[in-house]
Amino acid sequence: MLQPAEIFARLQTLLGDAVSGFTTEGTKDPYCKVVPEKWHEVALVLRDDAELKLDFLQCVTAVDWPKQSQLQMIYHLYSYPHHHSFVVKADLPRDTPVIASVADVWAAADWNEREQYDLLGVGFTQHPDLRRVMLPDDWVGYPLRKDYKEAATYREMPTSRPSPLQLLVVYDKAPPEKRNAPPPEEEVADE
Amino acid sequence: MSELIFAYESSGEEMTLNMGPQHPSTHGVIRFIIKTDGEIMHEAIPDVGYLHRSIEGISEKCTYEGFMPYTDRVDYVCAMTANHAWAAAVEKLADLKVPERGEYLRVISDELNRISSHCIALGAMAMDIGATTPFMYILREREYLNDLLEQLCGARLTYNYHRIGGVGWDMPAGWRDKCLKWIDHFEPIIDEYDRLICRNELFIKRLANLAVVTGPEAISFGLVGPNLRASGIDFDVRRDLPYSVYPKLKFGVPVGHGAMGAVGDCWDRYWVRIEEWKESVRILRQALDQIEATDKEFWTRPKKLKPKGDAYARVEAARGDMGCYVVGDGGTNAYRGRFRTGSFNAMKVIQVKSRGLMVADLVALIASLDIVAPEIDR
Numbered sequence: 001m002l003q004p005a006e007i008f009a010r011l012q013t014l015l016g017d018a019v020s021g022f023t024t025e026g027t028k029d030p031y032c033k034v035v036p037e038k039w040h041e042v043a044l045v046l047r048d049d050a051e052l053k054l055d056f057l058q059c060v061t062a063v064d065w066p067k068q069s070q071l072q073m074i075y076h077l078y079s080y081p082h083h084h085s086f087v088v089k090a091d092l093p094r095d096t097p098v099i100a101s102v103a104d105v106w107a108a109a110d111w112n113e114r115e116q117y118d119l120l121g122v123g124f125t126q127h128p129d130l131r132r133v134m135l136p137d138d139w140v141g142y143p144l145r146k147d148y149k150e151a152a153t154y155r156e157m158p159t160s161r162p163s164p165l166q167l168l169v170v171y172d173k174a175p176p177e178k179r180n181a182p183p184p185e186e187e188v189a190d191e
Numbered sequence: 192m193s194e195l196i197f198a199y200e201s202s203g204e205e206m207t208l209n210m211g212p213q214h215p216s217t218h219g220v221i222r223f224i225i226k227t228d229g230e231i232m233h234e235a236i237p238d239v240g241y242l243h244r245s246i247e248g249i250s251e252k253c254t255y256e257g258f259m260p261y262t263d264r265v266d267y268v269c270a271m272t273a274n275h276a277w278a279a280a281v282e283k284l285a286d287l288k289v290p291e292r293g294e295y296l297r298v299i300s301d302e303l304n305r306i307s308s309h310c311i312a313l314g315a316m317a318m319d320i321g322a323t324t325p326f327m328y329i330l331r332e333r334e335y336l337n338d339l340l341e342q343l344c345g346a347r348l349t350y351n352y353h354r355i356g357g358v359g360w361d362m363p364a365g366w367r368d369k370c371l372k373w374i375d376h377f378e379p380i381i382d383e384y385d386r387l388i389c390r391n392e393l394f395i396k397r398l399a400n401l402a403v404v405t406g407p408e409a410i411s412f413g414l415v416g417p418n419l420r421a422s423g424i425d426f427d428v429r430r431d432l433p434y435s436v437y438p439k440l441k442f443g444v445p446v447g448h449g450a451m452g453a454v455g456d457c458w459d460r461y462w463v464r465i466e467e468w469k470e471s472v473r474i475l476r477q478a479l480d481q482i483e484a485t486d487k488e489f490w491t492r493p494k495k496l497k498p499k500g501d502a503y504a505r506v507e508a509a510r511g512d513m514g515c516y517v518v519g520d521g522g523t524n525a526y527r528g529r530f531r532t533g534s535f536n537a538m539k540v541i542q543v544k545s546r547g548l549m550v551a552d553l554v555a556l557i558a559s560l561d562i563v564a565p566e567i568d569r
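Those protein sequence lines, which keep their order, are chains A and B.
Going by this note's numbering, the first sequence runs without a break in its numbering and finishes at 191.
Going by this note's numbering, the second sequence runs without a break in its numbering and finishes at 569.
No lab work stands behind these hints, which were simulated from the structure alone.
Just so you know, even glycine gets a beta-carbon here, dropped at the ideal spot from N, CA and C.
Watch out, some of these pointers could steer you wrong.
[Said to hold, decoys possible] Restraint-style ranges between C-beta atoms, simulated for each label pair:
1) A:Pro162 / B:Ala551: 44 to 52 Å
2) B:Lys252 / A:Pro164: 16 to 24 Å
3) A:Tyr148 / B:Thr523: 42 to 50 Å
4) B:Lys372 / A:Lys149: 49 to 57 Å
Chain A extracted, bound-state conformation (with noise of 0.2 Å):
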């Protein structure tokens, strides 16, 4: 079992400049920063040094920074022989995130990097199956986008919907006769 600090040492000495930015402050988990270009690279090293053998893959988030006008990746990963963790994040241009795909890595960053691709569209580049995953595919925009707007309609349909408690107030102010009106007939046209 390693600690985060000697996974770092153990990463620097095999890739050298790849990673960097060691950091305990700030955050619960000790994490490291990644150079995207070199990502497939370190996690094939991450999965198969002996040392490390972060096989297990736990979780793929992209979180959207506007301010800084970053799309950070995080990669939670644990290691089942030696019961160790490390965290491994990567900065990445928020109007062209892309980074490569870990799908060949671990299996389980398939279906992941699909989410994060739908919600927050990071592309991954030689992922084997790139499409939307929750949303239709002819969606428009990234949900989790900090300044994601809907559309008013989706094929047509409205989006959103007035509040049932705006209705009521409409229906209480209507005086009495017209209250449960029957709707309007609409001319049916002769055949």
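Based on these hints, arrange chain B on the given structure of chain A.
Same frame as chain A, but now just chain B:
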């Protein structure tokens, strides 16, 4: 596995079959697009998202405490552990301590909910492959269990019981004795249930050697909890990454050993859950015994909850290792919340393992992985 599969020759024609979203044995609204040639599937492609409510998005719009009722909806069959995951993550982020009695009440409610969730898992699995009786038997027990949980927190499914810093209410008067009485009643039922179906020859033939997930595969796919242990990996968050008061309790971790076929087949996944019942009962007895000696305080409500930073907490839910990741930016709401759930990761396994299975066996595979639709979609 059926001998028919070995005798199978492809006719060269492929039919696309739609299964779901309202199919009764998909355990909620999931759709499978099945590419099949007769009875043998070439692939079953899961199509999820019918229950997507963007719970992660809602977490950014509520206060930390106000989000708790929504976590019930992450997994409505085992809502207590989803409560626990959110509470644990926020407490880790904000460095909060939970009174000992609160921790015991959490463990008791978690384990009761785990038993009730496994009731659904095992009963529904037996029903899906054609044995209707066990489902009726076990739902009767679950009703009593729901009564107990209702007395504890006022709800039968969506509990909203855990709080940031403790639990919402103490046990009502006399509840502990009722709980112990129910455990005395339930313990023989486990064996009865075991005898009822587990060793049934038809049942074994149907499930043994079906959809075998080996240990390394299970790790790579990110299977967790009972599904992982059925594949022979000896890991339990409660034991290996202890949280709450689990270090003070003694319990075993059942691991699949291929009693009826290969390690990691559907029968192992079934059997592991039966054994987990026994362990949960053991935990409950100890926790209900030890809670007597604790102080009255069960909730230290945080005064100002504006944490900064990020934290990832793991708890053992009924469907395995549930992770919750919270990012705080110093405001009253979370900046980002994320739930890592067992069912979502199991969907990829279904797609891979369905190749070469029969359509009827797909139902057994889905049921054996204990998929719950809201947990996939969140």
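Give me the numbers of the hints this structure contradicts, sorted from smallest to largest.
3
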